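Trainee: Assemble chain B onto chain A, guided by the hints.
In order, the protein sequence lines correspond to chains A and B. The working numbering puts the first sequence at residues -14 to 291. The working numbering puts the second sequence at residues 67 to 327.
Heads up, some of the hints might be wrong.
To be verified - Using 25 Å as the maximum straight-line C-alpha spacing, the simulated DMTMM-like pairs for lysine to aspartate or glutamate come out as follows:
1. A/203 <-> B/224
2. A/203 <-> B/174
3. B/297 <-> B/99
4. A/203 <-> B/200
5. A/203 <-> B/182
6. A/203 <-> B/127
7. B/202 <-> A/279
8. B/94 <-> A/188
9. A/203 <-> B/142
Think of the hints as simulated: they come from the structure by calculation, not from any bench. Note that the structure is a prediction, hence the values are computed from the model and not measured.
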Amino acid sequence: MKSVLPVLTVVGAILLFWVVSVVPMNMHLTADLAQRQNIAVSPDTPVARQEYSGIGLTLRNTHLFGMTYTLDRPRLPSPHQVAVEMWDTIVMKNVTSRRSLVYHGWVTLSATLLGFAIGTGLGILLAVGIVYNRAMNMSVMPWAIASQTIPILALAPMIIVMLGSIGIQGLFPKAVISAYLSFFPVVVGMVKGLRSPDGMQLDLLRTYYASPNQAFWKLRLPASVPYLFASLKIGISASLVGAIVAELPTGARAGFGARMLVGDQYGQPMVTWAALFAAALTAAALVGFFSLMERWTLRRMGMQAA
Amino acid sequence: MPDQSAVISAQGLNLTFQTNDGPVHALKDVNLEINKGDFVSFIGPSGCGKTTFLRCIAGLETPTGGQIFVNGMTPDEARMARAYGYVFQAAGLYPWRTIGGNIKLPLEIMGFSKAEQNERVGRVLELVDLVGFEKKFPWQLSGGMQQRASIARALAFDADILLMDEPFGALDEIVRDHLNEQLLKLWARTEKTIGFVTHSIPEAVYLSTKIVVMSPRPGRIHDVIDSPLPKERPLDIRDSAEFIAVAHRVRDGLRAGHVDE
Chain A
-14 MKSVLPVLTV VGAILLFWVV SVVPMNMHLT ADLAQRQNIA VSPDTPVARQ EYSGIGLTLR
46 NTHLFGMTYT LDRPRLPSPH QVAVEMWDTI VMKNVTSRRS LVYHGWVTLS ATLLGFAIGT
106 GLGILLAVGI VYNRAMNMSV MPWAIASQTI PILALAPMII VMLGSIGIQG LFPKAVISAY
166 LSFFPVVVGM VKGLRSPDGM QLDLLRTYYA SPNQAFWKLR LPASVPYLFA SLKIGISASL
226 VGAIVAELPT GARAGFGARM LVGDQYGQPM VTWAALFAAA LTAAALVGFF SLMERWTLRR
286 MGMQAA
Chain B
67 MPDQSAVISA QGLNLTFQTN DGPVHALKDV NLEINKGDFV SFIGPSGCGK TTFLRCIAGL
127 ETPTGGQIFV NGMTPDEARM ARAYGYVFQA AGLYPWRTIG GNIKLPLEIM GFSKAEQNER
187 VGRVLELVDL VGFEKKFPWQ LSGGMQQRAS IARALAFDAD ILLMDEPFGA LDEIVRDHLN
247 EQLLKLWART EKTIGFVTHS IPEAVYLSTK IVVMSPRPGR IHDVIDSPLP KERPLDIRDS
307 AEFIAVAHRV RDGLRAGHVD E
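The shape of chain A in the complex, shown without the other chains (with noise of 0.2 Å):
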């Protein structure tokens, strides 16, 4: 709870940087709607006025400023314009309805969880393959490190029209793409925390002629609980990511992806902006789940959280 103030005054400075940036931001476009309304506009043509900046035309047309929050197609839309159309499309909107976010959500968030859950069996399984086979460890983590240099923007359209093109479709392509990017940390987490019990604790092990199988079970895999937390929660969010990035390159017509895409192309900034935010809170909220089981388990373990 003691976080709640630096949080806000951080919040606060951003949201008064947002609302300050509209105006120069949009003064160009303000001018140009303010002239075909006969309103003084100076300088008075738009070739001339394009060789102001935003700030140098703001300063000669004080008049304009609150114009430049109302504007249907704002090239920066202030902050309650996207707050209105998050209300509209996650509130007032059927969750089945197809300008519905909540709908659009679903639709990423599923692919999301499906990619993560893959991600993460996939990266458990590696860091198992990892710490317990010579040859895996020396070669499965320069791919896995190599995995993650590769722009996942350029990837992800080969990915799904390959999959695409054996036949494969709709959400578990996405999935792909999510679990791609985030089988990583839960790789790096988890062969660190399967490593983490010390010698004297194997040695303790070794004393009671324990079998690798029994070390597993009993020392190496709950060890590892803190490290695979702090890992899924870096997944989590590099799943949605991946989701996101999955639905923006092949014309995806549903998600969080496809709704940044419509705004863009057909000039809806508002549209984006709260796909933006809610994709944003997503990622938040799946973050803030896996703290709380983080919390709820370690301290069930007798653990105590850090």
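Mentor: Chain B alone, transformed into the frame defined by chain A:
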């Protein structure tokens, strides 16, 4: 041939570690017999091989020369037979297990029944004076209590031999005195054979029936002192002339070992 009737018997034991700076002679020609019910302390400066020797007994290190027998078996066979409990420098309790759960760890691994596990946990907690702490987590206990819990864990499966590697090294003097006293009582009650590594002279003299003074580079036995002190040892025995005489001999041994360098 080493004497196979002794609980632990080492003959001409050598251990050389290969390191990047060349071979390190951790143990050189170590000969030692430990009889049933002995309390043997290994004392010496760091690098004298006292911990290495204990680990050889436990089968955690493999000697490069010589022979060692534990209960007439090789250390590895003894390890498989679960012949000893090992107490490390740190308590090393699993933070995700309660004290009771930690003590059950070896019992689960060795396949004791649930009822047997509970019965044994109760018994060893009583031995180390931790009754009522079964459901507590390690972080809720002091360092001394944690180390007692780790001793309980080593006692739980009824090994005849207890190997302890500087178990009280990280604890303060007062707690240490208290635990030493308790350890002696526990030893008297359970009649176990104990191998105890320390670098405290008073601790070694107070606890042991046999004190093995070791010296470093290469690690070897410098002196073996059979303690003349009675089995019954109140803490104030440390002011007696006999105690001081033994401590003196240990100190002389340690000093002589150092001059050799």
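Trainee: Would you mind confirming whether the straight-line C-alpha gap from residue 94 of chain B to residue 188 of chain A stays at or under 25 Å?
Mentor: 24 Å, holds
Trainee: Is it true that the CA of residue 202 of chain B sits at most 25 Å from the CA of residue 279 of chain A?
Mentor: 21 Å, holds
Trainee: Please verify whether residue 203 of chain A and residue 224 of chain B have alpha carbons no more than 25 Å apart.
Mentor: Holds - the C-alpha atoms of residue 224 of chain B and residue 203 of chain A are around 21 Å apart, at most 25 Å.
Trainee: Residue 203 of chain A and residue 200 of chain B: Cα distance at most 25 Å?
Mentor: 19 Å, holds
Trainee: Given the proposed pairing of residue 297 of chain B with residue 99 of chain B, does the C-alpha separation stay at or below 25 Å?
Mentor: Between residue 297 of chain B and residue 99 of chain B the Cα gap is close to 20 Å, so the pair holds against 25 Å.
Trainee: Would you mind confirming whether the straight-line C-alpha gap from residue 203 of chain A to residue 127 of chain B stays at or under 25 Å?
Mentor: This hinted pair holds, its Cα atoms lying about 23 Å apart.
Trainee: Does the structure keep residue 203 of chain A and residue 174 of chain B at a Cα separation of 25 Å or less?
Mentor: 10 Å, holds
Trainee: Starting from residue 203 of chain A, check that the Cα of residue 142 of chain B is at most 25 Å away, please.
Mentor: 22 Å, holds
Trainee: If you draw a straight line from the CA of residue 203 of chain A to the CA of residue 182 of chain B, is it 25 Å or shorter?
Mentor: Judged against 25 Å, a Cα distance of about 19 Å means the pair holds.
Taken one by one, the earlier hints all hold for this structure without exception.
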